[in-house]
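Q: Residues per chain, in single letters:
Protein chains: 2
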Amino acid sequence: MEIKEFLNNNNKDVVVVQGLGFVGAVMSIVVSNSSKKDYAVIGVDRKESIEIIDNINNGIFPIKSSDPKIEEYYQKSIKKGNFLATYDTSAYSYASVIIVDINLDVQKNSDSKGNLNSFNVDLNPFKNAIRTIGQNCKEDVLILVETTVPPGTCMKVVKPIIEEELRKRHLSLGKIKIGHSYERVMPGPEYINSIKNFYRVYSGIDKNSAQETEKFLKTIISTDEYPLTRLVNTNATEMAKVLENSYRAMNIAFAVEWSRYAEEAGVNLYEIVNAIRMRPTHSNLMYPGIGVGGYCLTKDPLLASWAKINHFDSNDSLEQSEKGVKINDKMPHYAFDFMKKVFDLESIINKKILLLGVSYRSDVGDTRYSPVEPFYLNCVNNKAIVETHDPYVQYWEEISLKVSQDLDEKLDMSWDIIVFSAAHSEYKDSKVISKISNMSNVKILDTLGILKKKDIVKLNKNNIVKVLGRGDI
Amino acid sequence: MEIKEFLNNNNKDVVVVQGLGFVGAVMSIVVSNSSKKDYAVIGVDRKESIEIIDNINNGIFPIKSSDPKIEEYYQKSIKKGNFLATYDTSAYSYASVIIVDINLDVQKNSDSKGNLNSFNVDLNPFKNAIRTIGQNCKEDVLILVETTVPPGTCMKVVKPIIEEELRKRHLSLGKIKIGHSYERVMPGPEYINSIKNFYRVYSGIDKNSAQETEKFLKTIISTDEYPLTRLVNTNATEMAKVLENSYRAMNIAFAVEWSRYAEEAGVNLYEIVNAIRMRPTHSNLMYPGIGVGGYCLTKDPLLASWAKINHFDSNDSLEQSEKGVKINDKMPHYAFDFMKKVFDLESIINKKILLLGVSYRSDVGDTRYSPVEPFYLNCVNNKAIVETHDPYVQYWEEISLKVSQDLDEKLDMSWDIIVFSAAHSEYKDSKVISKISNMSNVKILDTLGILKKKDIVKLNKNNIVKVLGRGDI
Chain A
1 MEIKEFLNNN
11 NKDVVVVQGL
21 GFVGAVMSIV
31 VSNSSKKDYA
41 VIGVDRKESI
51 EIIDNINNGI
61 FPIKSSDPKI
71 EEYYQKSIKK
81 GNFLATYDTS
91 AYSYASVIIV
101 DINLDVQKNS
111 DSKGNLNSFN
121 VDLNPFKNAI
131 RTIGQNCKED
141 VLILVETTVP
151 PGTCMKVVKP
161 IIEEELRKRH
171 LSLGKIKIGH
181 SYERVMPGPE
191 YINSIKNFYR
201 VYSGIDKNSA
211 QETEKFLKTI
221 ISTDEYPLTR
231 LVNTNATEMA
241 KVLENSYRAM
251 NIAFAVEWSR
261 YAEEAGVNLY
271 EIVNAIRMRP
281 THSNLMYPGI
291 GVGGYCLTKD
301 PLLASWAKIN
311 HFDSNDSLEQ
321 SEKGVKINDK
331 MPHYAFDFMK
341 KVFDLESIIN
351 KKILLLGVSY
361 RSDVGDTRYS
371 PVEPFYLNCV
381 NNKAIVETHD
391 PYVQYWEEIS
401 LKVSQDLDEK
411 LDMSWDIIVF
421 SAAHSEYKDS
431 KVISKISNMS
441 NVKILDTLGI
451 LKKKDIVKLN
461 KNNIVKVLGR
471 GDI
Chain B
1 MEIKEFLNNN
11 NKDVVVVQGL
21 GFVGAVMSIV
31 VSNSSKKDYA
41 VIGVDRKESI
51 EIIDNINNGI
61 FPIKSSDPKI
71 EEYYQKSIKK
81 GNFLATYDTS
91 AYSYASVIIV
101 DINLDVQKNS
111 DSKGNLNSFN
121 VDLNPFKNAI
131 RTIGQNCKED
141 VLILVETTVP
151 PGTCMKVVKP
161 IIEEELRKRH
171 LSLGKIKIGH
181 SYERVMPGPE
191 YINSIKNFYR
201 VYSGIDKNSA
211 QETEKFLKTI
221 ISTDEYPLTR
231 LVNTNATEMA
241 KVLENSYRAM
251 NIAFAVEWSR
261 YAEEAGVNLY
271 EIVNAIRMRP
281 THSNLMYPGI
291 GVGGYCLTKD
301 PLLASWAKIN
311 HFDSNDSLEQ
321 SEKGVKINDK
331 MPHYAFDFMK
341 KVFDLESIIN
351 KKILLLGVSY
361 RSDVGDTRYS
371 PVEPFYLNCV
381 NNKAIVETHD
391 PYVQYWEEIS
401 LKVSQDLDEK
411 LDMSWDIIVF
421 SAAHSEYKDS
431 KVISKISNMS
441 NVKILDTLGI
451 LKKKDIVKLN
461 KNNIVKVLGR
471 GDI
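Which chain is which? The protein sequence lines are A and B, in order. Residue numbers are given in my numbering: position 277 of the first sequence equals residue 277, and the series is strictly consecutive. Residue numbers are given in my numbering: position 56 of the second sequence equals residue 56, and the series is strictly consecutive.
Quick caveat, the hints were computed from the structure, so don't treat them as lab data. Just to be clear, a hint being listed does not mean it is correct.
Because identical chains cannot be distinguished in the list, a pair is counted as satisfied if it fits within a single copy or across any two copies.
Unchecked claim - Below, a list of computed lysine to aspartate or glutamate pairs in the EDC-like style, where the Cα atoms sit at most 20 Å apart:
hint, residue 1, residue 2
1, Lys12, Asp140
2, Lys330, Glu319
3, Lys47, Asp412
4, Lys156, Asp472
5, Lys326, Asp316
6, Lys341, Asp316
7, Lys410, Glu190
8, Lys383, Glu190
9, Lys76, Glu163
10, Lys156, Asp429
11, Lys466, Glu398
12, Lys207, Asp472
13, Lys80, Asp54
14, Lys138, Asp337
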């Protein structure tokens, strides 16, 4: 369908979403299902993403999720006929609102042990995307940046590029509105709610921009229950996003450090964390695990640190926040070394290893920057025979690998080592534990502390169980 | 009064508290006021502390506090006649329970800029104190260690010393009970509650020790509302304590790092923190400030790190937790540099500076490791004329300085710089703000973000206000 045809016969406000990934695709169907205003939504992605675009237009939503609302919202948007996907950048010219949901990546230079030697932020792809908007948009459009950007980006990058392009087209510079409101999207069972029913922070490059951003967000988000918070400028909201993710990344790194201590001192870190969490001031203490994955926590502290020097001429980077990323990056490598050490394995050549779970999060099929990836690669590079299972992942894109969906079949085979590498509910099932406990001489590694006391007793009868962060077994 | 005389005519269980400092003195009156069991409490301190001992026995409690329950509990214990203080170590021989509340210090080697170059833990004073117990106690006493110790201490230090001394006295080794349950005492308005009405974690060197510890704690703490948590061994509870304080120290250090960023980027960190705190998972994010003080957060991560290597033969220390302490130690020095920078002061020679607050915590008179100390010393060493005020501190022991209690008098004098260095409620009073706003050409530094928007507007009329962590004013 052509854009003109799609927009024909309706006077709805047009919202264009730039980027149809994990955020943009879902944002699109949330906007198209607004109960407060009727929008016509056009999702724009690059020509290379033609498969996603075609799928959306042909009834197949590109993201599989355990949240039933995803499919429900998508089907409703089809019924309404108010959601189109395209790579045609002329879409921007119809928009009252353009939401920027593209990626902004960090290039990490790490060695094979996960040591982060250096990193860089290449703003060019982001700049080009913004330029495309500037070349096409109306002079009074609201550009709402949701992408996690290095602090300073809206003022120092987005605004000048848009103004430059408007100037080239002899358009007025005074009418443009640029807002920033970062998403807190959580793939998983609360996918839609993490957009629609959650707190939002926002700002604008000027008062009018902030007001228009607020007006728009109020039509999308349940702001009565989850009131909006306006910050004074876009630097502040940009910083808020990377700060909150840095905080989380650092707190996970903290758990890592103490996890090793617990192993050395013969204690159970999970038990300690539970005891401390009774204190209201310490209720957010994290558990240890195989590592940190996903698109945000693995890079946002670095984005922030990079901008401190490059956008604000600081002499020093965010040392502690960077350290969080560095520690977390090494977690899967540590988990691999831990496996060899606790099972007293000189070598894993030809060992048959089953990895239960490849996603970076429990009960979600998201393998972006999954910590299971370096763990898997370590196994393969050390010549083990590795197979993988994940109820939510059929194909592991990052390493081009088919992943089994058939747990029964996998548990009928014989293994030297079974690794719990994601905390999917399916793996905690008593039938699964029973099946594994009936094997013998299998080494079982729980990298996430998902095994309960009674599971461990059961599994330990014919096998050996070890748990990351537990020195007591 | 002699111990024998004190104990005469009563068959109460004797509880001896070793150490009459900020924890032990208050623990003593909590035990003597148990509603569940009648105890006779003897507080033992060293002969050097004779003044404290005499005061307690003569109706003067050594700790002043904003918590009215402190005086109330103390007076009740006098009335009951069940609390004696002494330096006579024979007290231990009468005890059914001995509570260890002495200090265990870290020796820091820092330069004049607050850089922590190295540190050490000298266990000898602690060992000697434990030995005194072993030389006097009954063979079946319960020794309850509340002191924050390097993980491993109960098993590797306390138990062997006690057993060695019992052996010398030809007593049985099988009957001794050693428990560990760390306090979470918070000097201030909730002083008593922080012992009596708060969660407790505990353990013992064996099952019997843990059970007896539990039995005793149940007579002291409101365990119905604040259930106890038993951990498997003393390593675990010892680790829990230092872990929870390391967590807090690190989170404060995190705020410091971002505070500087906020100053550079022209944003208000307090506003950002408030916005992020709306997220339940981020509700404990800390504010920045002049620094971290008090007895615990400034050393506990180092205790933990030291023990990792010295008690558990680890190859690496707790790098990230140590870093927290290191960053925090430099905060007051940074605050001093910030003052010079934002007020564009080449030198502060002969500048008249008023420090409002010298305590490390708001509404508490506790100057132990107060961050105001290095700030004050920096001012004095740079030849400023510095005066101090604090409603809760008459005499600043650590630097032997009289502190003014008369705010009106201080605010009638003329100043070049006024520094809000503690967040006491008194300083937030509108009358205080008015009085300062009527001055002129005063540089006002708020190191804790206590000034409200309207205060700043008011103060800025005739003066210049700057706030740590705020780049927006």
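Q: Next step is simple, just say for each hint if it's right about the structure.
A: These are the hints, each one checked on the structure:
no.	hint	in the structure
1	Lys12 - Asp140	within (17 Å within a copy, 83 Å between copies)
2	Lys330 - Glu319	both (17 Å within a copy, 14 Å between copies)
3	Lys47 - Asp412	neither (44 Å within a copy, 72 Å between copies)
4	Lys156 - Asp472	between (53 Å within a copy, 17 Å between copies)
5	Lys326 - Asp316	both (17 Å within a copy, 16 Å between copies)
6	Lys341 - Asp316	between (38 Å within a copy, 17 Å between copies)
7	Lys410 - Glu190	neither (30 Å within a copy, 57 Å between copies)
8	Lys383 - Glu190	neither (39 Å within a copy, 60 Å between copies)
9	Lys76 - Glu163	neither (37 Å within a copy, 75 Å between copies)
10	Lys156 - Asp429	neither (52 Å within a copy, 41 Å between copies)
11	Lys466 - Glu398	neither (28 Å within a copy, 49 Å between copies)
12	Lys207 - Asp472	between (58 Å within a copy, 16 Å between copies)
13	Lys80 - Asp54	within (18 Å within a copy, 84 Å between copies)
14	Lys138 - Asp337	neither (56 Å within a copy, 48 Å between copies)
Taken one by one, the earlier hints fail for this structure at numbers 3, 7, 8, 9, 10, 11, 14, listed in ascending order.
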